[in-house]
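Going line by line, the protein sequences match chains A and B. All the letters of the first sequence, read from the start, carry residue numbers 101 to 445 under this note's numbering. All the letters of the second sequence, read from the start, carry residue numbers 101 to 445 under this note's numbering.
It is worth saying that the hints were derived from the structure and are not from the lab. Warning: the hint list may mix true and false statements.
Note that identical chains are pooled: a pair holds if it fits in a single copy or bridges any two copies.
[As the list claims (entries may be wrong)] Each computed DSS-like pair below joins lysine-lysine, with the alpha-carbon atoms no more than 30 angstroms apart:
| hint | residue 1 | residue 2 |
| --- | --- | --- |
| 1 | 310 | 160 |
| 2 | 420 | 246 |
| 3 | 310 | 362 |
| 4 | 420 | 271 |
| 5 | 417 | 401 |
| 6 | 246 | 160 |
| 7 | 362 | 160 |
| 8 | 362 | 427 |
| 9 | 310 | 189 |
| 10 | 160 | 404 |
| 11 | 362 | 301 |
| 12 | 107 | 246 |
| 13 | 310 | 420 |
| 14 | 401 | 420 |
| 15 | 417 | 105 |
Number of protein chains: 2
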Amino acid sequence: MSEQKSKRIVLASRPSGEPVDENFRLEEKELRPLAAGEVLLRTIYLSLDPYMRGRMSDAKSYAEPVPIGGVMEGGTVSQVVESQFDGLKAGAYVFGYTGWQSHAVAKGETLRQIDPSLAPLSTALGVLGMPGMTAYMGLLNIGQPKTGETVVVSAASGAVGAVVGQIAKLKGCRVVGIAGGVRKCEYVVKELGFDACVDHKDAGLAGLVKDACPEGIDIYFENVGGAVFEAVLPLLNDFARMPVCGLISHYNDSAPPPGPNKAPLLMRAVLTRRLTLRGFIVSDFAAQQGDFIRDVGQWLKEGKIKYLEDIVDGLEKAPKAFQGLLKGANFGKLVVRVADEKSSG
Amino acid sequence: MSEQKSKRIVLASRPSGEPVDENFRLEEKELRPLAAGEVLLRTIYLSLDPYMRGRMSDAKSYAEPVPIGGVMEGGTVSQVVESQFDGLKAGAYVFGYTGWQSHAVAKGETLRQIDPSLAPLSTALGVLGMPGMTAYMGLLNIGQPKTGETVVVSAASGAVGAVVGQIAKLKGCRVVGIAGGVRKCEYVVKELGFDACVDHKDAGLAGLVKDACPEGIDIYFENVGGAVFEAVLPLLNDFARMPVCGLISHYNDSAPPPGPNKAPLLMRAVLTRRLTLRGFIVSDFAAQQGDFIRDVGQWLKEGKIKYLEDIVDGLEKAPKAFQGLLKGANFGKLVVRVADEKSSG
């Protein structure tokens, strides 16, 4: 193997509030030679997801933060360039967590091979990947939807929300999305088949959600927090379930918002309406991955689940695209195309 | 039947903040004659419980408020004086929700007969009644204790908390109580067998709870909210469960506390540590009442569960005793002895 250089985006500094360009730095680094069991990869697609904001901070969370100077973490679809791992040949396509870089050296056993004939490669980062599995696991395990129930999902046109709503429809629920802007709302209703969608940028948010949920809310799939959560909370029915998947509206908070302190009101609602709030991350349900692949793969094939991708070209665009993601600027699953699918050598 | 007068305590006005004497009024009223299927009861014991504060307000809750001028609601142990109901004879002891009054006319089918030879009559309001069943249902169904886990229970010497902790010990857990004052803490450890107890009146509350839970907290049985909850929250382990049974520290709130708004911090903890918060009331688990009676009855007989009652004599003392209950002035299950167990005719 000739020495391979990798373009990579590292965490230059920790953001205070919204991430800015200066928190990221583009570098080039020569990769070390392969050891036994390792492969050299060229990245094709890099997934950008809200959870990455958490990795940029050093607050306690379910995962270690990215160290200063470290490559930003992220899921990727890559092609094997060279292999010292028996299970993967050069040319194979794989999913892995190899981060924001053009090339990577990775242990073969940490990668999952993808069959490019089954679905477009990029879907391994979206509807058939972590976001789709997150939707499936949270809705079915925690939400436990029943026919005729009302399900509300925030960030409804996003990578997770779009799948949540479509599965809930397949389960016979009334589904109301909450999304940012008229265009996203139209997409959610007309393309994805939700029963209604409310624009969270509308000043009358609380009233609109109420109008869209005449029988209250049985499941609220929480992706955002903030004003959307406050609009939903009064509408939750007795015994409502709330899978807590994300809180994107708070990821840039550098301090708790001003008062009054609404935590006691939240707890009062939990008590008197016997709500269940449960946080989760997708890996909590790793044992059910086979069910996910089988069900969602089948629904995709049958055209019962649709998806939309927002593809940005060029690794160097990742920091700006990620900053936009936290503000809802993307439309569909945000993916960076780092290189062409077909090898240019 | 000669006309029977009933002394009764009615809701004179709704409290704003702490209930005061003026919110209650002692009246005497003549009871109507019995209809078919009804019984005339004389009250022996009246249970005073924190949930009654909720019934005094007209805020939305799981139950209708007591109307102004209506008899205060409450569970009672009574004796049948006269019966037009086939299933109950004069002299029988019954449990019912007949409220804060000396006598009542009730439908026989709403009452549950008590065998006075099995346990003291007053236990039907405590360890073998609603509070004991609340403890059993919340801990086992929502808390799901496993051997070796750490369980924290607030209001630990109270009617619910004392049973929670003792069942958790029987399930092999490390049990830490939180109670108000040295005397209650001593009782919880020395008499009830908890591993430790922290006095919530101590200014160093957060540090003391931390010291008492070196391996974090797997189950927090929530009875109080407020500062106790804030001391517990940072210590909850990944996948911790929180049965939300009561929030007594907030029942007298007339407005949300001042900021900052800690609701987002709470939700962040739910998300990153994958907590489960679930509110409940005892009737949600009515189908398991037989299990409760069997298990707790057995444990009582074997001396594995102990209980303490704080008995106040005289119906007219109920309002003051209830005001004290909300401040933690009672020590053990608070019960009003309205009349002697043996009929005085």
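- Message: I'd like to know which numbered hints this structure contradicts. Please list them from smallest to largest.
- Response: 2, 4, 5, 9, 10, 12, 13, 14
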